[in-house]
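With the sequences and hints as input, model every part of the structure.
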Amino acid sequence: TFQHGQNLSFINISIIDDNESEFEEPIEILLTGATGGAVLGRHLVSRIIIAKSDSPFGVIRFLNQSKISIANPNSTMILSLVLERTGGLLGEIQVNWETVGPNSQEALLPQNRDIADPVSGLFYFGEGEGGVRTIILTIYPHEEIEVEETFIIKLHLVKGEAKLDSRAKDVTLTIQEFGDPNGVVQFAPETLSKKTYSEPLALEGPLLITFFVRRVKGTFGEIMVYWELSSEFDITEDFLSTSGFFTIADGESEASFDVHLLPDEVPEIEEDYVIQLVSVEGGAELDLEKSITWFSVYANDDPHGVFALYSDRQSILIGQNLIRSIQINITRLAGTFGDVAVGLRISSDHKEQPIVTENAERQLVVKDGATYKVDVVPIKNQVCGISSVS
Numbered sequence: 001t002f003q004h005g006q007n008l009s010f011i012n013i014s015i016i017d018d019n020e021s022e023f024e025e026p027i028e029i030l031l032t033g034a035t036g037g038a039v040l041g042r043h044l045v046s047r048i049i050i051a052k053s054d055s056p057f058g059v060i061r062f063l064n065q066s067k068i069s070i071a072n073p074n075s076t077m078i079l080s081l082v083l084e085r086t087g088g089l090l091g092e093i094q095v096n097w098e099t100v101g102p103n104s105q106e107a108l109l110p111q112n113r114d115i116a117d118p119v120s121g122l123f124y125f126g127e128g129e130g131g132v133r134t135i136i137l138t139i140y141p142h143e144e145i146e147v148e149e150t151f152i153i154k155l156h157l158v159k160g161e162a163k164l165d166s167r168a169k170d171v172t173l174t175i176q177e178f179g180d181p182n183g184v185v186q187f188a189p190e191t192l193s194k195k196t197y198s199e200p201l202a203l204e205g206p207l208l209i210t211f212f213v214r215r216v217k218g219t220f221g222e223i224m225v226y227w228e229l230s231s232e233f234d235i236t237e238d239f240l241s242t243s244g245f246f247t248i249a250d251g252e253s254e255a256s257f258d259v260h261l262l263p264d265e266v267p268e269i270e271e272d273y274v275i276q277l278v279s280v281e282g283g284a285e286l287d288l289e290k291s292i293t294w295f296s297v298y299a300n301d302d303p304h305g306v307f308a309l310y311s312d313r314q315s316i317l318i319g320q321n322l323i324r325s326i327q328i329n330i331t332r333l334a335g336t337f338g339d340v341a342v343g344l345r346i347s348s349d350h351k352e353q354p355i356v357t358e359n360a361e362r363q364l365v366v367k368d369g370a371t372y373k374v375d376v377v378p379i380k381n382q383v384c385g386i387s388s389v390s
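Residue 1 is where the sequence shown starts when you use full-length UniProt numbering, and the numbers rise one by one after that.
Keep in mind that the hints were calculated from the coordinates and are not lab data.
Hints may be right or wrong, so weigh each one.
Claimed, not checked - With a cut-off of at most 27 angstroms between alpha-carbon atoms, the simulated DSSO-like pairs for lysine-lysine come out as follows:
no., residue 1, residue 2
1, K217, K194
2, K217, K290
3, K67, K169
Claimed, not checked - Across the chosen pairs, the derived CB separations fall in these ranges:
no., residue 1, residue 2, range
4, Q94, L8, 47 to 55 angstroms
5, I16, E129, 26 to 34 angstroms
6, L240, T172, 18 to 26 angstroms
7, T32, L157, 39 to 47 angstroms
8, L309, H260, 24 to 32 angstroms
9, T210, T331, 36 to 44 angstroms
10, T172, T32, 57 to 65 angstroms
11, L208, G369, 30 to 38 angstroms
Just so you know, these numbers come straight off a predicted model, no measurement behind them.
Ideal Cβ positions, reconstructed from N, Cα and C, are used throughout, including at glycine.
Structural data, given as structure tokens:
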């Protein structure tokens, strides 16, 4: 209907959805007459095409999950994959299936170590025939060591006009690894025994300490191993690097890495260091019982000190009542690590007359970090000498 002054109107047609499989259908809408004084023009027909729906030839799809992961079996395993033709059943249908892999898009050969033949095949659906078909896969038991492997079972339509369900036209099958195919990383026996090294001299340059590592069991794939050096002491300037990594190539089982011990002139006590394999990339595992080793560096440059008596640092004190005493100053050179007991003896050329009131021989304790020690000893005679003993 057109109202007065209106020059555009619409015809609404409802297309009802149903579950029937139907082919493409053309529809014509024809203007047959007009009233109210209007006349029909030349363009009286509009054509609409309703596309085919509900797959009149059917839809082919797997009924299993699209991704399946199984443990590597100890004995032969049977795995069933089910596919169906659903929807329309017009026409004859042929579906081929194949297996690709492992870990590739190459067709799996009938003679392989993982899945028994057949690893490919075909199914046929006749006119009006639907239902399910089953693919039987026979999985071989694992060998001593195996890596994780992924296979894809694919469907291909080779005859007929059915559709493959885009979300269910293949199944990804993962057979998990068995054992340690990428290996277990550990320090070699010769590295596990603790060793002690002497700090190098400045003219010699850094000392290279080599640590040997083994990959036991599997040797599949390249792996990267990370290590760290640590100690309860400050190691900031002792080593060129305190962490790093190294690689072990595919098929290889041995490797090594170096730690550079730097020379210095700072007095140090004997120090212990820990080298640890901290992580590994590439699928291998660490042997936690053999991933740590130790080494030591000998004490150097007299870390506990060198003790001396310098005459210009000794003095005679005169106190109340003219009581005289010797003020003894023991100097500590080089290192100052730890508390150290220093023995000394006070003597005189006049052996028959003691020069001190008591304890001509005594020990003085120089505390950790201290560079000198002072003590006062009362004397009786005028002339005496002091000598230190350790």
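- request: Determine whether the Cβ-Cβ distance between I16 and E129 falls within the hinted range of 26 to 34 angstroms.
  value: Given range 26 to 34 angstroms: holds, Cβ gap about 29 angstroms.
message: K67 and K169 were given as a pair; does the straight-line alpha-carbon distance stay at or below 27 angstroms?
response: Holds, because 12 angstroms separates the two Cα atoms, which is no more than 27 angstroms.
field: Outcome of range test on Cβ distance (T32, L157; 39 to 47 angstroms)
entry: 45 angstroms, holds
field: C-beta pair L208, G369: status relative to the range 30 to 38 angstroms that was hinted
entry: The hinted range 30 to 38 angstroms holds for L208 and G369, with Cβ atoms some 33 angstroms apart.
- request: Quickly compare the C-alpha distance for K217 and K290 to 27 angstroms and report which way the hint goes.
  value: Holds, at roughly 15 angstroms.
message: Quick check on a hinted range of 24 to 32 angstroms for L309 and H260, using CB atoms only.
response: 41 angstroms, violated
- request: Starting from the hint 36 to 44 angstroms, judge whether the C-beta atoms of T210 and T331 obey it.
  value: 42 angstroms, holds
message: Check the hint pairing K217 with K194 against an upper bound of 27 angstroms on the C-alpha distance.
response: It holds: about 25 angstroms lies between the C-alpha atoms, which stays within 27 angstroms.
query: Is the distance from the Cβ of Q94 to the Cβ of L8 consistent with 47 to 55 angstroms?
result: 53 angstroms, holds
- request: Evaluate the given range 18 to 26 angstroms for the C-beta pair formed by L240 and T172.
  value: 48 angstroms, violated
- prompt: When you take the CB atoms of T172 and T32, is the distance between them in 57 to 65 angstroms?
  reply: The hint (57 to 65 angstroms, Cβ to Cβ) holds, given that T172 and T32 are roughly 59 angstroms apart.
When the structure is compared with the earlier hints, violations turn up for hints 6, 8 and for no others.
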